[in-house]
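Novice: Spelled out, the chains give:
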Amino acid sequence: MAEGFALWARLRPYRAVLASRARSQASYRANFALDLVSSLLAALVELAEVWVLFHAVTRLGGLEFHQILLVFGLADLAFSLADLAVGHCDNLPTYVRAGTLDVFYLRPQPLLLQLVTSDVTLRRLARAAVGLVALVAGLATSDISWGVGSVALLVVALTSGCATFGAMFVWAGACQFFLIDGAEMTNAFVYGGRYAATQPASVWSRPLKVVFGFFFPMAFTGFLPTLRLLDLPAPPWLPTWLGWCGPLAALWAWAMALLCWRWGVRHYRGGGG
Amino acid sequence: MTRVYWRLLMAGFRRQSAYRLAALGGLVANATFGLLKVAVLFATVRAAGGEVAGYDVGRISAYIWLSQGLLGSVNLSGRTDIAERIKDGHIAVDFLRPLDVQAAEVTAEVGRALFALIPRGIPMVVIGAVVGMALPASAVSYPLGAASLLLGIVISVAAAYLVGVAGFWLVETRGLQICYMVLSGFFAGLFVPIRLFPRWLGLVAQATPFPSMLMYPVDILSGRVGPGGALALLAAQLAWLVAVGGLGQALTRAGRRRLEVQGG
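In order, the protein sequences belong to chains G and S.
Read in my numbering, the first sequence has 255 at position 255, and its numbers run on one by one without any break.
Read in my numbering, the second sequence has 158 at position 158, and its numbers run on one by one without any break.
Because the hints were derived from the structure by calculation, they are not lab data.
Note that the structure is predicted; figures quoted are calculated from it, not measured.
Built from N, CA and C at the ideal position, the CB exists for glycine as well.
Hints may be right or wrong, so weigh each one.
Footprint (simulated), chain S over chain G, 3 or more residues, beta carbon under 8 Å [to be verified]:
| id | stretch |
| --- | --- |
| 1 | 44-51 |
| 2 | 204-210 |
Distance windows between CB atoms, simulated [stated by the list, open to error]:
| id | chain 1 | residue 1 | chain 2 | residue 2 | range |
| --- | --- | --- | --- | --- | --- |
| 3 | G | 141 | S | 53 | 23 to 31 Å |
| 4 | S | 20 | G | 149 | 50 to 58 Å |
| 5 | S | 56 | G | 129 | 36 to 44 Å |
| 6 | G | 37 | S | 171 | 16 to 24 Å |
| 7 | G | 22 | S | 227 | 56 to 64 Å |
| 8 | G | 149 | S | 56 | 48 to 56 Å |
| 9 | S | 84 | G | 99 | 14 to 22 Å |
| 10 | G | 37 | S | 208 | 17 to 25 Å |
| 11 | G | 149 | S | 171 | 49 to 57 Å |
| 12 | G | 22 | S | 228 | 36 to 44 Å |
| 13 | G | 129 | S | 84 | 27 to 35 Å |
| 14 | G | 103 | S | 54 | 52 to 60 Å |
| 15 | G | 129 | S | 139 | 27 to 35 Å |
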């Protein structure tokens, strides 16, 4: 009990910072509204890209539209929540180039925690709403035998999916210490990963299965749990029991992310000034 | 006078050549997205029985790799230098120069876009050639495709300029730019060719300048439309260029009268 209080007290500075960031965004109302709209539009267009394909054919990679809605909903909701929490790691190259990162090194708090709490972008809530609606629609229209097992699978898939995408942002941030101008290189895997996660992984070639199925475990965030939940036949290399292995995928992603982060932080030499 | 614009074009070309790591990053990103598009679109064509909306596997492959190759050159993001210069007031200096602000900005951007065809366009076409992609049946399609490509780049730059000059009225154009980026990619047929859209959505897309930037050049260069169809697409592109360019000119003049630079 006392330990709980101690932890609560220790997190106080972070809570204060986050609350102030949230308030500051909501205070510019017109800009905030436009931000929300553009964020909503982005998520709708991503959903439309999937829908248009299923308008041309009824079944893709063994899935129908209402089934891909589940994949899209799970993956996109997990991605948006991760983006809300740690997506601003993308700003790291700006800090490195401007030399403002030095300030973070001077404060008596872990660098990663400071960076994560340096911002919280509420507009990404609009994105998350689209993911949530797609997920609910997918759940309502699919034939699911509800029970403790299926609810547990959904919870496990969503939480580990959030963690996996969060790790991707941290990994990408860590790489910026080395790349600086090459942010697009990591975007290929962070945003490419989001795009991959909303696809039926059964259509992937073998190299893609290695890269986005296992190395960056994107298939674990939406496709594999959906297979398990709907009891669909498994494509080669992706057995359905993997649907339960989201937490392992998240652990692997975080191990990679934190290792790269450590290298990156040590590699940093400051921007002078 | 044309010499000045030629120099601006070359300056843009050289400026882009300085960022090698960024070019490599862009290459990795375009190739990765290309491979993902291959997976899902090839599966779509096969699921439809070998052909969908005039695309067989070879055509869809050409569509994917040509459009990925053009991504570095066609400005679909709506991001421009001019937006920043309007916001911080440097635009006042641009107005003092004996050059047309719009023409100078567009020329320099087109120079950068043309350079990007070398490090980012050619490798994608090479991947496409290795994977296998359809080629136009008629030799006339190549010069027509090249003209369409150039028009597409200029239209995209001129349209992005419009987002930038909206800053004369809005000051902060970031929200507008993000909306623009989201819609332009979709309607330009970046992830799914607009022929695959439902009819009503295809018509909506054609009512915007976005297909002129990416979809039409790719349609001509992949041979999805013959020389006759290509001429019709080129005519549509020319019309959009006049519309977008004219609007940019009018907005620049109106914005100049409205401009108020703070501080000093």
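Novice: Against this structure, judge whether each hint is valid.
Specialist: Status of each hint after checking the structure:
| no. | hint | verdict |
| --- | --- | --- |
| 1 | 44-51 | holds (count 3) |
| 2 | 204-210 | holds (count 4) |
| 3 | G:141 x S:53: 23 to 31 Å | holds (26 Å) |
| 4 | S:20 x G:149: 50 to 58 Å | holds (53 Å) |
| 5 | S:56 x G:129: 36 to 44 Å | holds (39 Å) |
| 6 | G:37 x S:171: 16 to 24 Å | holds (18 Å) |
| 7 | G:22 x S:227: 56 to 64 Å | holds (58 Å) |
| 8 | G:149 x S:56: 48 to 56 Å | violated (44 Å) |
| 9 | S:84 x G:99: 14 to 22 Å | holds (20 Å) |
| 10 | G:37 x S:208: 17 to 25 Å | holds (18 Å) |
| 11 | G:149 x S:171: 49 to 57 Å | holds (55 Å) |
| 12 | G:22 x S:228: 36 to 44 Å | violated (58 Å) |
| 13 | G:129 x S:84: 27 to 35 Å | holds (32 Å) |
| 14 | G:103 x S:54: 52 to 60 Å | holds (57 Å) |
| 15 | G:129 x S:139: 27 to 35 Å | violated (52 Å) |
In summary, the structure is inconsistent with hints 8, 12, 15 from the numbered list given earlier, while agreeing with the others.
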